[in-house]
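Following the hints, put chain U in place on chain Y, whose structure we already have.
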Amino acid sequence: MGAREIALTPGIGTLSTMTLRLHDLAVTTDHKKLGLMYVGAGLVFFIVAGLLAAVMRLQLAAPDNGVVSPHVFNRLFTMHGTSMVFLVGMPIIAGMMNYLVPLMVGARDMAFPRLNAFGFWMFLFGGLLLYFSYLAAPGITGAGSAPDVGWFAYSPLTARAFSRGHSTDYWILSLLLSGVGSIVSAINVIATAVSLRCKGMTMMRLPLFVWLSIVTSFMILLALAPLSAAQIMLLLDRFLDARFFDTQAGGSALLWQHFFWIFGHPEVYILIIPAFACLSEIIPVFSRKPIFGYPIMVAATTMIAFISLGVWAHHMFTVGMISLGNIFFATSTFMVAVPTGIKIFNWLATMYGGNLRFEPPMLFCVGFLFQFLIAGLTGVMLGVAPFDWQLHDSYFVVAHFHYTLVGAFLFGIFAGIYYWYPKAVGRMLDRRLGFWHFWLLAVGFHMTFDPQHFLGFLGMPRRIYTYDAGRGWEVYNLISSVGVALQAAGIMCFVVNLVRSYLKGEPAGEDPWDAWTLEWATTSPPPEYNFETLPVVRSSRPLWDLKHPEDPDWRYE
Amino acid sequence: MTKADVLNPPVEPAEWSPPSRGVVAVICLIVTETALFMIFIVAYLFYIGKSLSGPYPSEVLTTPVIATICLLSSSLTIVLAERAFERANAGGFRLWWTGTIFLGAVFLALTAVEWWELIAGPRLTINSNLFGTTFYSLVGLHASHVIVGLTLLTLALILFLRGHVRAEHAERIKLISWYWHFVDVAWVAVFTVVYVIGR
Chain Y
15 MGAREIALTP GIGTLSTMTL RLHDLAVTTD HKKLGLMYVG AGLVFFIVAG
65 LLAAVMRLQL AAPDNGVVSP HVFNRLFTMH GTSMVFLVGM PIIAGMMNYL
115 VPLMVGARDM AFPRLNAFGF WMFLFGGLLL YFSYLAAPGI TGAGSAPDVG
165 WFAYSPLTAR AFSRGHSTDY WILSLLLSGV GSIVSAINVI ATAVSLRCKG
215 MTMMRLPLFV WLSIVTSFMI LLALAPLSAA QIMLLLDRFL DARFFDTQAG
265 GSALLWQHFF WIFGHPEVYI LIIPAFACLS EIIPVFSRKP IFGYPIMVAA
315 TTMIAFISLG VWAHHMFTVG MISLGNIFFA TSTFMVAVPT GIKIFNWLAT
365 MYGGNLRFEP PMLFCVGFLF QFLIAGLTGV MLGVAPFDWQ LHDSYFVVAH
415 FHYTLVGAFL FGIFAGIYYW YPKAVGRMLD RRLGFWHFWL LAVGFHMTFD
465 PQHFLGFLGM PRRIYTYDAG RGWEVYNLIS SVGVALQAAG IMCFVVNLVR
515 SYLKGEPAGE DPWDAWTLEW ATTSPPPEYN FETLPVVRSS RPLWDLKHPE
565 DPDWRYE
Chain U
-6 MTKADVLNPP VEPAEWSPPS RGVVAVICLI VTETALFMIF IVAYLFYIGK
44 SLSGPYPSEV LTTPVIATIC LLSSSLTIVL AERAFERANA GGFRLWWTGT
94 IFLGAVFLAL TAVEWWELIA GPRLTINSNL FGTTFYSLVG LHASHVIVGL
144 TLLTLALILF LRGHVRAEHA ERIKLISWYW HFVDVAWVAV FTVVYVIGR
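As you go down the protein sequences, you meet chains Y and U in turn.
Take any residue in the first sequence, count from 1 to its spot, add 14: that is its number in the numbering used here.
Take the second sequence: its letter number 121 is residue 114 in the numbering used here, and every next letter is one higher.
Just so you know, not all the hints are guaranteed correct.
Just a sample of chain U residues kept apart from chain Y, beta carbon distances all over 12 Å, derived [unchecked claim]: (1) 46; (2) 70; (3) 85; (4) 87; (5) 103; (6) 159; (7) 178.
If you anchor each label on the Cβ, the simulated ranges turn out as follows [to be verified]: (8) Y/517 with U/157: 46 to 52 Å; (9) Y/72 with U/189: 54 to 60 Å; (10) U/192 with Y/391: 48 to 54 Å; (11) Y/407 with U/189: 39 to 45 Å; (12) U/192 with Y/341: 33 to 39 Å; (13) Y/362 with U/24: 30 to 36 Å; (14) U/42 with Y/506: 55 to 61 Å; (15) Y/142 with U/47: 41 to 47 Å; (16) Y/562 with U/85: 55 to 61 Å; (17) U/88 with Y/323: 56 to 62 Å; (18) U/192 with Y/473: 46 to 52 Å.
Everything labelled a hint here was simulated from the structure, so no lab data went into it.
Every residue gets a Cβ at the ideal spot worked out from N, C-alpha and C, and that includes glycine.
Next up, chain Y with everything else stripped away, as it sits in the complex (with noise of 0.2 Å):
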C-alpha cells in the first residue's frame, strides 16, 4: 500500500496547472464559473456563426458570384441562424442570468448547482452535435451534410424524401439536447431568484435585472417545450414513418409552421428581455439616478411575455389565413408595441435630467435605444399584414430582425459585458478600445442593415444564394458586405480587448461604476462563497443605503 502511495504522488505532482483548471471547470457547479463557461462558449459560437455570415455576404456582394455553391450557401443560412439562435443567442443570457441572478439576490450559489452544471455540458454538447453534422450527417448514404432546411426547417423540406442523410436529424437532436439544458437552467434561475433571495429582498425589491431573467426564464418553460414537442414529432416522422408532416397521409405542413412560431415568436423576447434586464440595470447607474418607474417596468415586461405567446402567426401571414386569423394577430403585434414603448420612455424618463456618464456600457445601451426604436417600427409595419403581404421573405424582414438581434440584443449584452466584465474578472475593460468597438460595429451594422431594408422593398428575397445584374441590387448588396468588413473589426477590438484586460487590465476594485446592487458589495472576482456573511437588504438599491447612511433609500419606500 505504502509503494502505491509512492507510485502515485508524483503522478498528480506531474499533472500541470492547466489540466488541473482544466478539470476544475469540468467538474465545477460554482454559478460564477459555469456562468462564465456559457458565456465564453456562446461567444465561440458567436465567432464561428459570425463568419458563416460574413462568407454569405461575400457571395452576395456582386451579381452572379461563385464564391460557394447554392447547397453550401443553404447549409451557412440554416448553420448561422440555429447558431446565432441556439448556440449564441440562448446561453450568452443563460450565462448572465447565471452569474448575476445569486450574486444580486444576495445567494451563495443557484438553487440547484449540479443541475446547472447539467444544463450547461446539455447545451455544450447540443452545439457539438451541430457542427459535428459537417463531418457525420452523410452517414451510410453519403448524403447531407450541415442542415439546410434554414432555421426554423419548415415541412416538407424536412421529409426523408426531402432531406437525405442525417443533417435534419442532427439539427433535431442537437436542438433537443440544447433545449432540455436552456429549460433546467430556466427552472433553476426561477427557483433561485424566487427562494433564495437574501433576508429584506421582497420581490418589489428584487433588481430589475432579476425581476426581467424571471420572466423570461418563465417565457421559456412555455415556449421550449413546444419546440421540444414538434421536434418530437419530426423524429417519429422521419424513424418511425408517423405521418405527422406527411401531406400524402392527410398531415399538414402547416402545422409545423404554427407549433414552430408557437416557440419561435415567444423566443425572440427570451432573447431580448434579458438586453433589457441589461439596460435596466446600465442605465440609472450612468445616469446617476434610480430607474424611472420600477413596478410599471416589471408590469410592462409581464405584459410583453403575456402578449408574445399570442402574435405567432404573424410570420405566416402569406400563408393564407382566415380574415379573424390575420386580424388576430396583426392587432395582437401591435399590442406588443404598447407595453415595449413604456420601457423606452421609461429608460429616457431615467436618463432625463440624469448625470449621464458615457462610458462604453452606457454608448452601447444608448445604441440599443435607436436602434431598438426602428427595430420595433419596422416590426409594427411588418404587423400590417398586407403590407407584410408584399414584403414577406424578403430582404425587408432580414433588416427588422437583424435590428432587433444584432442592433438591439447584441448591443444590450455587450453593454452588460463591459459592464460585469470588471466584476467577472476583477481588471478593466479598456475604454479606448471599447470606444472603437462600438463606433465600428455601430457604423458596421447599419452599413450591413439599412441598405437590406430598399433591397426588401426592391423585391430581393431572403435566402437567395444569388441574383442578377440589372435590378439596381448592386449598390446595396455592396455597401451591405463592406459593413460586415467594419463589424468584423470591431468585433476584433473587442475580442482584443478581452484578452488584454483579462491580463493586463488596470484593477477594478468592488465597485468601479459607483453602482447599487448587491453584486457589487463583494470582491471582484467574487469568491467561490460570494458573501462572507448574507446580507440583509432594506430597499431595492442596498449600495445606497450602504454608501448614504444618511439619507437612505429605505426612508422613501
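Same frame as chain Y, now just chain U:
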C-alpha cells in the same frame, strides 16, 4: 458606519420565509410539461377525422374504464400515503405508497394490453394513418410520464424501506406526489381528447 452595519441594519426586517426551492422548481417543471402536452393534444385535436384510411378510432377504440379508475384512484392513495407520512405512521405510508405503485403499474399494464390488441388486431401502428400517429404519440407521451412517476415512487419506497426517508424529507415526498397528480390530471385531458372527443 461599516459595511456590515448597513448590510445588516440594526432594524431587522420582519419574518423572512421565501418559498422552498423544490416547490418552485416542481411548479416550473409542471408548467413546462403542460406546454409539452398541449402541443401533442393540439396535434391530436387538429387531426381528428383527417385520416385518409382506416382503421378509424370509432372502429377500434374501447374506453379504458378500469385503467382510468386505477390511475385516478392512485391520486387518492398517494394523498393517504402523504397524510400517513406526516403523522409518522410508517405502516400506513408503506401500505398506501405501495398501493399507489400497484395502481400505476396496473394502468401501465392495461395500456400495454390495449396497444397489443390494437397492433395485433386491426393492425393500427404509428404509421398506419394520422389517427395511429397521434394516438400512439399522445398516449405514449403520457405513458412515458407514468413510467417516470413509477420510477420516482419506487425509488422513494426502496429508500424508505431501507430507513433513509425521515421526517425532514416530507417535502420531497410531497413533491413526488405533486408530479403524480400532474400525471393523473394529464390523463384526464388525454382521456377526454382521445376517448370522448376523438371517437
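Let me make sure I understand: some of the numbered hints might not hold for this structure. Which ones are they, in numerical order? Violated hints: 1 and 17; rest satisfied.
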